[in-house]
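K.L.:
The primary structure of each chain is shown beneath.
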Amino acid sequence: MLNFIARRCATGLLMLVALSVLIFILLRLAPGDPIDAYINPSVPMSTSDLETLRDRLGLDQPLPLQYLAWLLAAATGDFGYSIQRSGVLVLPLVMERIGPTALLMGAGLVIAIIVGIATGIYSAVRRNAWPDIAMSVLSFVGISSPAFLTALLGLYFFSVLLRWAPSGGMQTAGAPFSAADVLAHLILPACLLSIGHAALIMRYMRASLLEVLNQDYVRTARAKGVREFWVIIKHATRNALLPVITLIGSTIGIAVGGAIFLESVFNWPGMGLLLVNAVGTRDYPVIMGATLVIGACVILVNILTDVAYAFVDPRIQVS
Amino acid sequence: MRIRSLAIAAALLIGTGLPTIVQAQSPKTIAGGFDVGPGGLPKNFNPLISTGGFTWLSTYYEPLLLWNAGLTELEGALAKDYKVSDDKLTYTFNLAEETWHDGKPFTSKDVKFTFELAKNKASGSLFAARLGDIASVEAPDDRTVMIKLSKPNGSFLSIISQVLILPEHALASIAPESLANSTWWSTTPVGTGPFKFNRYVTDQYVELAADDDYRGGKPKVDVLINRYFENPAAAVAALRAGEIQFTYVEPDDAASFKTDANFSVIEGDSYVVNYIGLNQKVELFKDLKVRQAIMYAIDRNAIIESLYGGAAKPANCGYVAPHLIPEGLDAYAYDPAKAKALLDEAGWANINGDKPITLLTYYGSPQAANVMAAVQSMLAQVGINVVPRVVDTPTYNGIVYKEGTPDWNEFAMVYAGLQNGPNPAGLNPGLNKSQIPPDGFNTMRIEFDGLSAAFDKALGETDASKLDAAWQDVCKAMNAELPWATLWVANRYGIASTRLKDFVWTPAPAGGPYAAHPERWDIQ
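Residue numbers (the working numbering), protein chains in the order written: chain A, 1 to 319; chain B, 1 to 524.
Just chain A, with the same shape it has in the complex (with noise of 0.2 Å):
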């Protein structure tokens, strides 16, 4: 087992450096460098201006020699400053914002589960009854809207019109942190965040507890004379959501491009925010921290799946 893991992992190492060898490569080939981001077109600059610009970010410097240069500090920690954001380093920058994002993505997800779940069983039960029909026509809504349109639809109406939340940011400007001023801040995005997957569980849900309450032992449960209560929660449902959590579980990814988007929509300072910042003013030194950072979380996560997999089930093989 431990050389599985140790294998893994060193095969981890080369993937991060073929990432960074990657995103290095593409940055170069995308136009505009950091200098033209920092140009306002309207305002004039002297080429003289842009050569000092280009002087403090060893700019100048051939490609190789930039990125040995990166590499070599990156092994020992040091991901660089921040280009756009004077004196800030890169991965503390970086790894402040994985919490928020986490906080955001998990409160959306725990929403999505419980809802989705709720209601999907729910609609099982009073199957073509007119709140199933009800539910089935949201989940579809909720599953057809794209992100862009909940968000800014959600934000206009709860946080423009009704004022039941604040507009953007993850805590009131001004005011002391506290967690009370951060949930009010999370519960709108969050919810937002939760339409989508919770009408997707939903529709599993429900789909899959239908075809659990025809099975015999249901039956069984009921002949002998369980209550229709403890039928639903104990026999049927806990059968039902094996594919339902296979589903969280691949939905995770996808909650991370939603978390990306409406953290731009509501200003939430996660990892989508800092990406989408450090990409649009060509911020090298921060989009190849945030990745890389991404990447490894990616990575390892993968490994201890794989482990825990081979802990879990004796059939599978690490060797």
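Read the hints as simulated data drawn from the structure, not as lab findings. Just to be clear, a hint being listed does not mean it is correct.
EDC-like cross-link-like pairs, simulated, lysine to aspartate or glutamate; straight-line CA separation at most 16 Å [claimed, not checked]:
1. B/Lys286 with B/Asp344
2. B/Lys313 with B/Asp299
3. B/Lys402 with A/Asp181
4. B/Lys402 with A/Glu211
Every value quoted in this text rests on a predicted model; they were computed, and no experiment measured them.
Model the placement of chain B on the given structure of chain A, informed by the hints.
P.N.:
Same frame as chain A, but now just chain B:
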């Protein structure tokens, strides 16, 4: 029962707690999107490397001189007054009594330190080239500064209005090479302005506190907040939700506020002339007749009326300020028949015909898209087939500044803008033949002798009484030679809550700085 209790508790939290949390701002506070829009530069704290954002920076730093709110003349800030020697080579500034936010006295040594730092390329300063004419900075006593130039420079005072004075006692110990990456700028900066830096919450907002000892009087509000937004639309949402009291808005949004009694619309000249740039490295535009045809083919008044709601001035040269416009300019009134005739004379059918020509722009707003579509349609009517291409600013700059031999056809035509005031010299880098890359900003590679000579003459003019006439000659040359198809100078907009009192904002290029007097701003 337990579930019901939890539900009631949750309802109470949502029903009563959250609105209280959202509105919790006990000190008298003004919050705004001061870095939203083309004049802003969000998340930049170092005035030496700023290409914008001076509206916000000048709430806690100050220059020696700044523009008045109408952007018509310069007035004193940290300099109470100034004198210029007869030979226009020595500027003597009489400094105001002031203290830095950390209590240390502000003196002429700080001014000397700042200008020497701004001239030093090692500090990353973007002023190094523009301050190149400074021969020496002397501080004969604590309240006097003498700046000597190596040659007269008519733009000198305008340039130094963006040099925000920095504290020598706080920065002298940091090597110039390390200054750009110093955390001082965003953690513990000290200035002399009416507000002092309190904190920066990364990518969210900056909070300033009133400087009670400010020489202009104690500020009327306790806290000033600059919130960051990804785009003007997000700032508009925050404004309508009552979370901020001011922001820049796009013209379309401004129209929706005009009938709302809770807001006042602030409208002002953008000081940016919009134009269709005609790349002189592309053979198509070497013939003056073709350039004239483009001017006659575009119905600028119709576009201004329909897409700008009349809030733009047609430009027949790079300027629209009355004192810079000479008599007898050709107005190039919309005349598609004349345009067609000129194209026929130029042999357009042979030199290009209906082959597509790229019209590149970095303007990404819906209004700009409509302008591009209108221009495309009007040019198509006379037989010029342009294909609009919208890219982001870095991509645009990457294309037009590309070193070596760029693909000229990639930016054969551009829809762009350039600062034309308050200092008219702003157009020189984009039009003078001496400014062709890699030596300057003339990305359309315009090499018109008459125009360049007019610019050189105006830039070298030190007699204030002859200055307007010199810039009028530039206008005349532009109107005759048509280096660009000049379009208009549009208005820009800010929206302020009617709760704000004595609030001053103007859409100055790069955000100013100008005399906004933030110490007088109040909120009801």
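K.L.:
Check the hint pairing lysine 286 of chain B with aspartate 344 of chain B against an upper bound of 16 Å on the C-alpha distance.
P.N.:
OK: lysine 286 of chain B and aspartate 344 of chain B at ~15 Å, within 16 Å.
K.L.:
Please work out if lysine 402 of chain B and glutamate 211 of chain A have their alpha carbons no farther apart than 16 Å.
P.N.:
violated, 63 Å
K.L.:
Next pair to validate is lysine 313 of chain B with aspartate 299 of chain B; report whether the Cα-Cα distance is within 16 Å.
P.N.:
Holds, at about 13 Å.
K.L.:
Is the straight-line distance between the alpha-carbon of lysine 402 of chain B and that of aspartate 181 of chain A 16 Å or less?
P.N.:
violated, 48 Å
The structure does not agree with the numbered hints 3 and 4 stated previously, though it agrees with the rest.
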